[in-house]
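Enquirer: Sequence:
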Amino acid sequence: MIVPILGNVTYKITLDPTVWIFDDRKVLLDEAFQVEHNKKDQTDEEIKQASERWDRAVNQQRINPPVNRSISRFEREKILVNSYVMPIREFVENAGINGNATGATLATKNGEIDISIDKLLDSYFLFAVDGKPLKTDGPVHLYFKDGSNQDAPITGVEKIIIN
Numbered sequence: 055m056i057v058p059i060l061g062n063v064t065y066k067i068t069l070d071p072t073v074w075i076f077d078d079r080k081v082l083l084d085e086a087f088q089v090e091h092n093k094k095d096q097t098d099e100e101i102k103q104a105s106e107r108w109d110r111a112v113n114q115q116r117i118n119p120p121v122n123r124s125i126s127r128f129e130r131e132k133i134l135v136n137s138y139v140m141p142i143r144e145f146v147e148n149a150g151i152n153g154n155a156t157g158a159t160l161a162t163k164n165g166e167i168d169i170s171i172d173k174l175l176d177s178y179f180l181f182a183v184d185g186k187p188l189k190t191d192g193p194v195h196l197y198f199k200d201g202s203n204q205d206a207p208i209t210g211v212e213k214i215i216i217n
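Per the numbering used here, numbering through the sequence shown is continuous, rising by one, with the last residue being 217.
Some hints could be false.
Said to hold, decoys possible - Straight-line Cα separation of at most 27 Å, DSSO-like style, residue types lysine-lysine; simulated pairs: (1) Lys189 with Lys132; (2) Lys213 with Lys173; (3) Lys66 with Lys189; (4) Lys163 with Lys199.
It is worth saying that the hints were derived from the structure and are not from the lab. These figures come from a predicted structure and were not determined experimentally.
Produce the complete structure using the sequences and hints provided.
Expert: Rendered as structure tokens:
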């Protein structure tokens with residue numbers, strides 16, 4: 055149930071999607087693609103303010119990763135009935151992509167799929183359906199943030215190799 059990021063990176067890291075259910079960065083699958091469409095309607099000033107808040111939040115996350123310290127009964131019940139995705143940009147960036155990297159290969163249960171690094175960075179990993187880890191076709195599914203593969207995600211992703 056782990057997903058290593060390796061290849062042309064400074065640090066080979068291993069992702070454990072089973073613990074993301076407790077991470078504040080997770081996004082409801084139902085809302086993941088709506089957020090992207092709503093952003094297009096914002097004014098320039100709203101985007102600038104959101105960017106400044108995001109920069110402050112990212113800096114704070116580097117100091118203290120956002121993990122729920124305590125979960126109320128309501129939140130626990132909510133977790134067990136929803137499907138979640140995790141933005142993967144931060145994980146891939148933390149691996150330290152080398153400047154001469156040309157792309158990424160997703161090793162899946164059904165073979166290898168090549169994608170651009172930009173496309174990888176602007177993606178989500180589906181890691182929980184109805185609050186449970188993906189066991190049969192997991193450990194994760196890859197969705198592009200633009201929603202272009204929302205009906206046909208890349209399933210069974212087991213490894214990310216930066217070329």
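Enquirer: Next, verify each hint and record whether it holds.
Expert: Cross-check of the supplied hints:
no.: 1; hint: Lys189 with Lys132; verdict: 20 Å, holds
no.: 2; hint: Lys213 with Lys173; verdict: 16 Å, holds
no.: 3; hint: Lys66 with Lys189; verdict: 24 Å, holds
no.: 4; hint: Lys163 with Lys199; verdict: 22 Å, holds
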